[in-house]
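Given only the sequences and the hints, what does the whole structure look like? Please build it.
In the numbering used here, the protein residues as written are 4 to 133.
In short, the hints are calculated from the structure, not lab data. Please note that a few of the clues may not be correct.
Simulated pairs of lysine-lysine, DSSO-like, Cα-Cα distance not exceeding 27 angstroms [said to hold, decoys possible]:
(1) Lys81 with Lys122
(2) Lys122 with Lys98
(3) Lys81 with Lys98
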Amino acid sequence: WPEGAGGPEEDREVLTLIGSERRGRGIVPRRVTAPEIRARVLAAMANAGAELIEAGAARCPSDIDVAMMAGWGFPRWKGGPMQVADATGLLPLRKELRDYAREGEAVWQPAALFDEMIKNGLRFSDLNAA
Numbered sequence: 004w005p006e007g008a009g010g011p012e013e014d015r016e017v018l019t020l021i022g023s024e025r026r027g028r029g030i031v032p033r034r035v036t037a038p039e040i041r042a043r044v045l046a047a048m049a050n051a052g053a054e055l056i057e058a059g060a061a062r063c064p065s066d067i068d069v070a071m072m073a074g075w076g077f078p079r080w081k082g083g084p085m086q087v088a089d090a091t092g093l094l095p096l097r098k099e100l101r102d103y104a105r106e107g108e109a110v111w112q113p114a115a116l117f118d119e120m121i122k123n124g125l126r127f128s129d130l131n132a133a
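Here is the structure:
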């Protein structure tokens, strides 16, 4: 923020650079809603959590949820990203991730754990008892 501006100001040079990059990549800007941002963030968190479980870096989904609530301020009343994933449903969540992955970003590729859990009718909460 410039001195005395009282708030942020757009940087024309940065906006020009962003516009140039968009055109070069064929990206058409669009309005992104708050619900879409929330859905994407939660999908990314659940996907990262599934990858941590696959890698053995997290013992179970509840460990991820507790870490996110205690360490990162995730809203306790939501229970953590893995509980949110269970509430959303793993099949719809995997579909969202696949849709996002069509944008070409590797971060959106659903963890293999989703396929295994969906195939066996499991939820993340089922892995907490293991």
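Consistency of the hints with the structure:
At most 27 angstroms may separate the alpha-carbon atoms for a hinted pair to count; Lys81 and Lys122 meet this at roughly 26 angstroms. Restraint check for Lys122 and Lys98: satisfied, since their Cα atoms lie roughly 14 angstroms apart, inside the 27 angstroms limit. Restraint check for Lys81 and Lys98: the C-alpha separation of about 21 angstroms stays at or below 27 angstroms, so the hint holds.
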